[in-house]
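Based on the sequences and whatever the hints tell you, model everything.
Same order as they appear, the protein sequences are chains A and B. First residue of the first sequence: 5, per this note's numbering; consecutive thereafter. First residue of the second sequence: 5, per this note's numbering; consecutive thereafter.
These are computed hints drawn from the structure, not numbers from a lab.
Pairs of lysine-lysine, DSS-like flavour, derived with a Cα cap of 25 Å:
id, chain 1, residue 1, chain 2, residue 2
1, A, 313, B, 263
2, B, 340, A, 61
3, B, 352, A, 263
4, B, 117, A, 108
5, B, 300, A, 51
6, A, 193, B, 340
7, B, 117, A, 117
8, B, 51, A, 51
9, A, 254, B, 108
10, B, 26, A, 137
11, A, 102, B, 254
12, A, 108, B, 254
13, B, 300, A, 61
14, A, 26, B, 137
15, A, 259, B, 108
16, B, 51, A, 61
17, B, 51, A, 300
18, A, 61, B, 326
19, A, 117, B, 102
20, A, 387, A, 333
21, A, 331, B, 61
22, A, 108, B, 81
23, A, 300, B, 61
24, A, 254, B, 102
25, B, 412, B, 300
26, A, 137, B, 108
27, B, 61, A, 352
Protein chains: 2
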Amino acid sequence: MAKELSSRSENYAQWYNDLVLKADLAENSAVRGCMVIKPYGYAIWEKIQGELDRMFKETGHSNAYFPLFIPKSFLSKEAAHVEGFAKECAVVTHYRLKNSADGKSVIVDPEAKLEEELIVRPTSETIIWSTYKNWIQSYRDLPILVNQWANVVRWEMRTRLFLRTAEFLWQEGHTAHATKEEALEETEKMLGVYAEFAENFMAMPVIKGIKSANERFAGALETYCIEALMQDGKALQAGTSHFLGQNFAKAFDVKFQTKEGGEDYVWASSWGVSTRLMGALIMSHSDDNGLVLPPKLAPFQVVIVPIYKGEEQLTQISIRVKELISKLKTLSISVKYDDSDTRKPGWKFAEYELKGVPVRLAIGARDLENGTIEVARRDTLTKETVSIEGVETYIQTLLNDIQTTIYKKAFDYRASVTREVNSYEEFKIEIEKGGFLLCHWDGTTETEEKIKTDTKATIRCIPLDGDKTPGKCMVTGKPSAQRVIFARSY
Amino acid sequence: MAKELSSRSENYAQWYNDLVLKADLAENSAVRGCMVIKPYGYAIWEKIQGELDRMFKETGHSNAYFPLFIPKSFLSKEAAHVEGFAKECAVVTHYRLKNSADGKSVIVDPEAKLEEELIVRPTSETIIWSTYKNWIQSYRDLPILVNQWANVVRWEMRTRLFLRTAEFLWQEGHTAHATKEEALEETEKMLGVYAEFAENFMAMPVIKGIKSANERFAGALETYCIEALMQDGKALQAGTSHFLGQNFAKAFDVKFQTKEGGEDYVWASSWGVSTRLMGALIMSHSDDNGLVLPPKLAPFQVVIVPIYKGEEQLTQISIRVKELISKLKTLSISVKYDDSDTRKPGWKFAEYELKGVPVRLAIGARDLENGTIEVARRDTLTKETVSIEGVETYIQTLLNDIQTTIYKKAFDYRASVTREVNSYEEFKIEIEKGGFLLCHWDGTTETEEKIKTDTKATIRCIPLDGDKTPGKCMVTGKPSAQRVIFARSY
Numbered sequence: 005m006a007k008e009l010s011s012r013s014e015n016y017a018q019w020y021n022d023l024v025l026k027a028d029l030a031e032n033s034a035v036r037g038c039m040v041i042k043p044y045g046y047a048i049w050e051k052i053q054g055e056l057d058r059m060f061k062e063t064g065h066s067n068a069y070f071p072l073f074i075p076k077s078f079l080s081k082e083a084a085h086v087e088g089f090a091k092e093c094a095v096v097t098h099y100r101l102k103n104s105a106d107g108k109s110v111i112v113d114p115e116a117k118l119e120e121e122l123i124v125r126p127t128s129e130t131i132i133w134s135t136y137k138n139w140i141q142s143y144r145d146l147p148i149l150v151n152q153w154a155n156v157v158r159w160e161m162r163t164r165l166f167l168r169t170a171e172f173l174w175q176e177g178h179t180a181h182a183t184k185e186e187a188l189e190e191t192e193k194m195l196g197v198y199a200e201f202a203e204n205f206m207a208m209p210v211i212k213g214i215k216s217a218n219e220r221f222a223g224a225l226e227t228y229c230i231e232a233l234m235q236d237g238k239a240l241q242a243g244t245s246h247f248l249g250q251n252f253a254k255a256f257d258v259k260f261q262t263k264e265g266g267e268d269y270v271w272a273s274s275w276g277v278s279t280r281l282m283g284a285l286i287m288s289h290s291d292d293n294g295l296v297l298p299p300k301l302a303p304f305q306v307v308i309v310p311i312y313k314g315e316e317q318l319t320q321i322s323i324r325v326k327e328l329i330s331k332l333k334t335l336s337i338s339v340k341y342d343d344s345d346t347r348k349p350g351w352k353f354a355e356y357e358l359k360g361v362p363v364r365l366a367i368g369a370r371d372l373e374n375g376t377i378e379v380a381r382r383d384t385l386t387k388e389t390v391s392i393e394g395v396e397t398y399i400q401t402l403l404n405d406i407q408t409t410i411y412k413k414a415f416d417y418r419a420s421v422t423r424e425v426n427s428y429e430e431f432k433i434e435i436e437k438g439g440f441l442l443c444h445w446d447g448t449t450e451t452e453e454k455i456k457t458d459t460k461a462t463i464r465c466i467p468l469d470g471d472k473t474p475g476k477c478m479v480t481g482k483p484s485a486q487r488v489i490f491a492r493s494y
Numbered sequence: 005m006a007k008e009l010s011s012r013s014e015n016y017a018q019w020y021n022d023l024v025l026k027a028d029l030a031e032n033s034a035v036r037g038c039m040v041i042k043p044y045g046y047a048i049w050e051k052i053q054g055e056l057d058r059m060f061k062e063t064g065h066s067n068a069y070f071p072l073f074i075p076k077s078f079l080s081k082e083a084a085h086v087e088g089f090a091k092e093c094a095v096v097t098h099y100r101l102k103n104s105a106d107g108k109s110v111i112v113d114p115e116a117k118l119e120e121e122l123i124v125r126p127t128s129e130t131i132i133w134s135t136y137k138n139w140i141q142s143y144r145d146l147p148i149l150v151n152q153w154a155n156v157v158r159w160e161m162r163t164r165l166f167l168r169t170a171e172f173l174w175q176e177g178h179t180a181h182a183t184k185e186e187a188l189e190e191t192e193k194m195l196g197v198y199a200e201f202a203e204n205f206m207a208m209p210v211i212k213g214i215k216s217a218n219e220r221f222a223g224a225l226e227t228y229c230i231e232a233l234m235q236d237g238k239a240l241q242a243g244t245s246h247f248l249g250q251n252f253a254k255a256f257d258v259k260f261q262t263k264e265g266g267e268d269y270v271w272a273s274s275w276g277v278s279t280r281l282m283g284a285l286i287m288s289h290s291d292d293n294g295l296v297l298p299p300k301l302a303p304f305q306v307v308i309v310p311i312y313k314g315e316e317q318l319t320q321i322s323i324r325v326k327e328l329i330s331k332l333k334t335l336s337i338s339v340k341y342d343d344s345d346t347r348k349p350g351w352k353f354a355e356y357e358l359k360g361v362p363v364r365l366a367i368g369a370r371d372l373e374n375g376t377i378e379v380a381r382r383d384t385l386t387k388e389t390v391s392i393e394g395v396e397t398y399i400q401t402l403l404n405d406i407q408t409t410i411y412k413k414a415f416d417y418r419a420s421v422t423r424e425v426n427s428y429e430e431f432k433i434e435i436e437k438g439g440f441l442l443c444h445w446d447g448t449t450e451t452e453e454k455i456k457t458d459t460k461a462t463i464r465c466i467p468l469d470g471d472k473t474p475g476k477c478m479v480t481g482k483p484s485a486q487r488v489i490f491a492r493s494y
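This is the structure we're talking about:
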């Protein structure tokens, strides 16, 4: 099976698509641009959801649910929001079908036209702030720290599984605060949560930064982001956290009585990550043999394959395996025992390699005699035969090691393709090689646009950490406050 | 606050609506028929989801995700499905907005009309079976045991929070099997899961049964259901499980190679419960003071309110409370400590009563001296002062007792209004009093329709358990195989 994958060096885009399909993660559906997330892919998403949800709750947030539909007029209430936001949306105009004259199909009932069209939410700031108006009267009602797990639709013309789909799943946090400082603090706190999740769970190093005005979320005063680097040298924006100022409060007239008895508009943040993270996860670690999953997000961390001839051997092996499973479970290690008889061990080995299961155990009749078991790790593709006695703690250590190793590998790769570039001539050559380029920029949209037009590279972010030495813009020679990160991106 | 609720006897429907609003469970949104599920309501839904999801996984199911949109033509592929299913659907006809001529608003771009309209899923059989066609070739690919948590839209004209809304949240299981027996077994198994969940977690007694042909799901050969009885004597269908036969496999041409080398259409089931369960939960146990929640689904089972004068007393109390919280957590009891200084204890008492928190603890300076704490239970509204030493195990027992007590109360109520009725004259009188009426029926749709027209009562189900003695139809005198359950319903 694994042989059917394209190689990364040959055709990276094809390799990605092959992998998503063959590892049973997702596929295209009958509806243009909408994907089906298959059970194995969804199980990874559930792990992502579970960890993020826990982190949101630990930082004081609650979940809620707001309508799928947004009245069309809401979108134009916040000027920058409607101006900057893509207008490719799914529009509901009717609310009823009826039988066709021949009775063989259904048609849209022309009588059932909505007075005002409804937009399938591309993001929920407008419907949520129209709701918050009723929730907020006084400082006592603040802060509101709410998150929503939902589906959203943006009618993308060119779609790619997980990376860019018309419908996708995401979470969107929407918070309301009494002061600017508190809203800014929240915006930055959630960026920190995203970065911690990306690094500790996805094993994906990210750079925290601020978007240039050009790349800012429509309606935000400031957009914070985490940027990751894929194996092909292209950047991927993995999460954003927006400081919305009082823009949406003003658009929906959400005022509150302050502690001091005055009146003010409410301050806001919003922040989100989506099923796009699945694409980032896949591209961060996988190889030409298939998926490589970090143990902390693998639907099952260990798979056990019995090697046997006949029922009696299988019975003997299964007794030993079940003892081991119970020990692994005590250590909170998730495990699948694949004793199905419809497939041969070789097929199973290839299958679980393709699916990125971190550790594969194989046990046969000779292992029973010798008290051994074969342990194979997915990330390095190495294997060894060890004593089955105490192997559970060995596996526990191994899983931690895999988590650390793949993070380090991704980190080292990123470091190897991150470099400072000082002239625009050099930039044009270097950008073709991929990676993060640290360059001085004069802070203007014109220069940013020129670079984009010339080279297809964009400013991924103005990094929050690291070198803050001023310099001169590589294009115009004008002053630059600090180096920013350029890359081509997903 | 609680005083603002209408009483049940005065106006049951108003009481329900007041309660949903005032207990912060949900509210109507700016979009007709769509609700906002508020954080406290959503926290209950998350408990419901968590338990059901665990039960689905324990019975071998995996989650997946299918598109929000269904091509219009798909709906007419299964004849009975399109015929019987309500055609009140949200229809997407366009995919782009543009600025209006005056630049002040957005309009639908007439150029961006879809070739084929898309329907926002009212249920997903069609899109899922069009997908399963690609997943199933051989008996080795079966069974498929998939569930989806999703939002669905049915354009209801008269909506009520949770009970009937245009958009609602639900889960829909869709399974594929090699044999009729296996598909039927699955249909019944999931009905059992729903019944177990309703009784053990929601503390809501239900009757398992089969729907009459008239009330069957459009496209199913048989619809199983669980029926509950609300405090106003009206029935509520709490979950359905459909045996779909080979109808959808035939409509979408899903065949498989059998183990014996032949070819056959795949057998199917589908099953679902929705946020309607929230309505059932609220109406099963709550009283004129507010919500009464079963401990197993309460967002927090215990609330602790300190009664203090001044910071120093609060500090002393908080030390004692924090010890108790840590003991409660060891016993997996969820607890909220409300030491906020913006509200008085009396306000808090009323608030948590309204919100149905099963156990409320109050502790003041005198309690500290005496080593006591006040324990109030929500269901009976009784309270007592007990020693704080070992109170955690006392509370554990109390929570179990509340769970059992409210189930028993609902069970006894149902028993008190469930009776056999033998003549149609009697039926017309009895149906006005509410409750479940066990009657003989001749099995025809005509008779069922007549009864519905005359009395607004429907057959809730043909019960699976209980008395199976044959008799004569109360309306026509024709033979009846067993008594069926009639009621007016939500």
